[in-house]
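Participant: If you want the building blocks of each chain, they are given just below.
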Amino acid sequence: MQMKQMLKKGTKTAKTEKTPYQKPLPPFYTEKWEKAGLSQIENDFGTVFLRETHYAFNHQHGKYRLGQFYEALEAWEVYEQEHPLKMTSDEKIVFYDTETTGLKGVGTHIFLNGLLEETSDGFVLKQYILADPANEAAFLFESKFWQANQTIVTYNGKSFDWPQLQTRWTLNREHLPPLREHQQIDLFHSSKRIWKNDLSRMKLTTVEQQKLGFQRIDDLPGHLAPMVYLDAVRSGDHDMLFQVLRHNEYDLLSLITLFIQATELVFSEANQEHAIVHTNIGKWYHDLKQLDSSQSLLENVTENYATNEAAEAYYLLAIQQKKQKKYAEAAESYEKALPYLEERQWIEASLGLAKLYEHQLHDLEEAEKHTLNALFRVRQSLLFKKDVQQRKREAIEKRFLRIRKKQGMK
Amino acid sequence: MIRERKTVKELIEQWQSDPKMQNRVQHVRVLPERPASYATFPKQLHPSIKKALQSRGIEQLYTHQREAFDYAMEGKSFTAVTPTASGKSLCYHLPVLQRILEESKTRALYLFPTKALAQDQKSEMNAMIEAMDEEILSYTYDGDTSPSIRQKVRKAGQIVMTNPDMLHSGILPHHTKWVSLFENLQFIVIDELHTYKGVFGSHVAHVLRRLKRICDYYGSNPIFICTSATIQNPKELAENLTNTKHQLIANNGAPAGKKTFLFYNPPIVNETFGVRRSAILEVKDLARKLYESEIQTIIFAKSRVRVEMLVTYLKSLTAQNIQDESVRGYRGGYLPSERRKIEKGLRDGTIQTVISTNALELGVDIGQLQACIMTGYPGNIASAWQQAGRAGRRQDDALIIYVAQSTALDQYIIQHPDYLLGNKPEEARVYPENMLILMDHLKCAAFELPFKQGENYAEFDVDDLLEYLAEEKILLKTTDTWHWMTDRFPAHDISLRSASQENVVIIDQTIKGNTTVIGEMDRYSAMTLLHEEAIYIHQGTQYQVEKLDWEEKKAYVTEVDVNYFTDANLAVELKVISEDRVRQLGKANVAFGDLMTLANATIFKKIRFNTHDNIGSGPIHLPPEELHTSGTWLHFKQPDDWTDDDLNSAMLGVAYAMNSFIPLYIQSDRSDVHVVPQVKAIHNGEPTFFIYDRYPGGIGLSERIYDLWEQLIQHVYEHVEGCSCQIGCPACIGAQDQTGNTKDQVLHFLQSFLLEELMDDVLREEDFANEANVKKGYENSED
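Protein chains in written order, with the numbering used here: chain A, 1 to 410; chain B, 411 to 1193.
Derived from the structure by calculation, the hints contain no laboratory data.
Warning: the hint list may mix true and false statements.
SDA-like, lysine to any residue: derived pairs with alpha carbons at most 25 Å apart [as the list claims (entries may be wrong)]: (1) Lys-386(A) - Gln-1161(B); (2) Lys-192(A) - Pro-177(A); (3) Lys-862(B) - Leu-25(A); (4) Lys-751(B) - Asp-554(B); (5) Lys-862(B) - Gln-166(A); (6) Lys-725(B) - Asn-680(B); (7) Lys-8(A) - Phe-870(B); (8) Lys-104(A) - Val-589(B); (9) Lys-63(A) - Gln-166(A); (10) Lys-386(A) - Ile-1030(B).
The whole structure should be built from the sequences, with the hints applied where relevant.
Facilitator: Following this line, the structure appears as structure tokens:
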């Protein structure tokens, strides 16, 4: 309430005409940050800081060398079909990760653009640091995302980093060349595909630890990054900032190795990992309509693992087999899967069996048995919302009555 | 029960020969029909629009619609005063559609106070577009909009319908996703302007200031089109709300049907105490008669609890018919899906009686209702007209029954029906100067776009405030610009609707393992309605509050079936922080300034249904709520011949009456301001009346009372003196002990002391006050 004294009703200032771009001054800590090892870049729009780090092909990150990236690329080059992970050496590939001052909205700044690219003898990491919010145009311009088309590889970049960048670009669009659309490969989505039900969390650090054999030492938790930057631009202190840079560096190096591993798994026979991982990949092929790859991988799972581990693979196979009109095989696959499926799929499999027995295999007794099983399970289930449960029950009851009627007619 | 369909006319005739009704209906007023006045279609009106209008049988416009079109085409912002069912939506649809047809990239933003209203208007707009046979994209954008079409709405929606809350937290902070809207925005339509008053209106005033700032950034300069129910100062309100000059369209050309108003006073059940039968019980009986005559009726009750009580009472009418849904409640706190269902039932006639809080005052399209019952005076004339407008929307005969409660204001209305029917409705005001509201939205504005040094925020020069925010490490100043520099998202910390910022969620735990959220309530109300052991009523079902988790803002309730409801007391402590203005009032002093209050819910009573007996009580254990606000106070030397006790009871009576009459002067609810008397105020040791705004930072209500003390006291005196009771009653100074002589004391106090001794020079003072009013004026910025 004491602030009342600060409030004045203004006489309206004359509308400020849009003036030509005025290059902002470098911030007061420029010299200090340069001494600490950051280089100051001066472009038409102002100042931006850069840290550049080079890596050789044989740089070890977790269980992979970065150079293995090229083996992965080769694998994709010979793969003729489309795939969300597919990249080729014709493309200009850049691994991209940002650090921001918040989670959403126009008031959230990107303060770090980390770009990891190929060079002739390895990889180079360019970390551009927003000098201060006044120098944002300079910072964005250096990202070069307005230049030739590239393939951008991110972790959740489709829903986070890229929309954030678009927001910042829109705010500076008067001065900057337009932002181009680039091809995007989001490894977060791929990871969810591959490790669903295998990893409990899909955080990049979790994937690193559990799958990529990389353990971060003294890592700054990502959610503290905003605080560090906010403090750095107020005080000029850069010490903590280097921890954010390292955090971002880890993220980007892991993106390369994650891509290597994802590629390996997608093309591997079903014996590298848990059955669930290969089954997930089989399902992924299925959803991409690459049915041959899907079926052979799923069959591969059923051959390599005990029935209980391969239950879901059998379940997915059954669906495909039914589509191919291999009814007896489909029923067999369902039956094998049934004892080990989780509830939702158990109910679906029972209904799948009921349908097969009723319509194709003409065994009404079996059909009735599976219908009843499904009905009891749905009734007891806590999985569904009330109305969904009600609808399912009614549908099954209808089926049951129909089967009963058919039996009577016999 | 025998039901027999009657027309409103037949029912009124029947009542005229009913001695009981004759006795209780103290006044009958009939408003005659009013014919329409028309204007021709404008010459440039696009043929497709003309075609669509003609397909609905519209061959000419009402005069106000034509005037609206012409102003809009001249690029002038305007405000049209439009009562219910007067074709107000064409005032904005026509110019908007015209401009879109002329230039397809044109954009319009429609703001409705609620989601429901936006949904309604979208259906209407889509029907219109279909009849026009044109490709125009019109969408609602709110919490219910599916994520899959959001992007399309943002990029391609030519007409976007939303509400202030969504604009505040879902659109403005993400304006870069709406570039095509903001670059091409030509119209901002504000429907139901009169609802934007008080705290909510002041918030919305800032949301609109932020909106204009963003439009300015993208180079658009939209006009505002406002429509309002009848209030005294529509133009002023629109100008303050939008910070833009407005034209006023006051002459409505729409026809209106005949309206019969009955002023109904419940019978006195205790002569000495002046106690009348409870209005709720009377409404119950009246509603039953209307129900039996199959007249579709809306009943307004002032609080959620009363709505629920009436629902409970009236549902018993349909108890024999299982799944009979013809009696329903409708109020805030119900979940949206529940409300949509009720609205539909009203439109298609399956619901015959609906009991509502003022949520339904708004123009939600519920079709034609024949009768309206007001349980008590809704606090201001404008609301009363809004409620009355619910009956007879389509020019039919309509019946409006005003049932007075025992309160001073209600009884005043029933004695002076022309106050309601003959007076202009009250003023509605916003107070964007409220420091807390201003600071909140300044943060949002800074989040949305950086501030340059010397740049105004709407009419405010904010450099000092921005400097303060920089010191607080919320902003960062580079050479000449303040940038948002924290990880917070300020719009989420600010709710436009409720005084306190976090609501208490009400959780039904009747069935273990299947708990559900059944509603929410603002914190201040929760202190007295959701304390432990409170009976909370929801859709006619009673719940007992088992546990109130104040930290987590959760109230756990269990269904119960009891024959009482609960009513809680709130004790208030007051401290003066600063005196900003003072003036002499005879020998008394009047001041205005900042206050700190400490509200403490102390005890609650259990009150039996029907008889309203007090059947028990208990303590409430809640931390006191602190409130910094602005207030005005009147203080004077304690007269020698008065004991503290006598003075205390006289002052209590006066305060009671004052609190009742304040809504007469300022459009507000009783609960927006508080009157607290103290025989020895802490800051001056003198007898003092405090009147303060019940909202953090103040909302300009008590500031206006600062100039009105004389009139207020005069009015209170006249009313108490004119009241027919002997010892004081709920209609004047509140119910009193039979043994006391409080009423005499109050009158004596008012007359001999306040009026004569303190203010003998009232005339001179009034001149002074008027002059002060003129000087203060209301600055409208130029634009």
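Participant: Each hint: holds or not?
Facilitator: Hint check results:
Annotation: proposed proximity of Lys-386(A) to Gln-1161(B) is violated, straight-line Cα distance about 67 Å (limit 25 Å). In summary, the hint linking Lys-192(A) to Pro-177(A) is not supported, as the alpha carbons are separated by about 35 Å, beyond the 25 Å threshold. The straight-line distance between the Cα atoms of Lys-862(B) and Leu-25(A) is roughly 15 Å, inside the 25 Å bound, and the hint therefore holds. For the suggested pair Lys-751(B) and Asp-554(B), the alpha carbons sit about 15 Å apart, so the restraint of at most 25 Å is met.
Pair hint Lys-862(B) plus Gln-166(A) holds up; C-alpha atoms about 23 Å apart against a cutoff of 25 Å. Using a Cα cut-off of 25 Å, the hinted pair Lys-725(B) and Asn-680(B) is violated, with the two alpha carbons roughly 29 Å apart. With a CA separation close to 6 Å, the supplied pair Lys-8(A) and Phe-870(B) stays within the 25 Å bound. A hinted pair counts as satisfied when its Cα atoms are at most 25 Å apart, and Lys-104(A) with Val-589(B) qualifies at roughly 17 Å.
The straight-line distance between the Cα atoms of Lys-63(A) and Gln-166(A) is roughly 35 Å, outside the 25 Å bound, and the hint therefore fails. Distance hint between Lys-386(A) and Ile-1030(B) is unfulfilled; the C-alpha atoms sit about 38 Å from each other, more than 25 Å.
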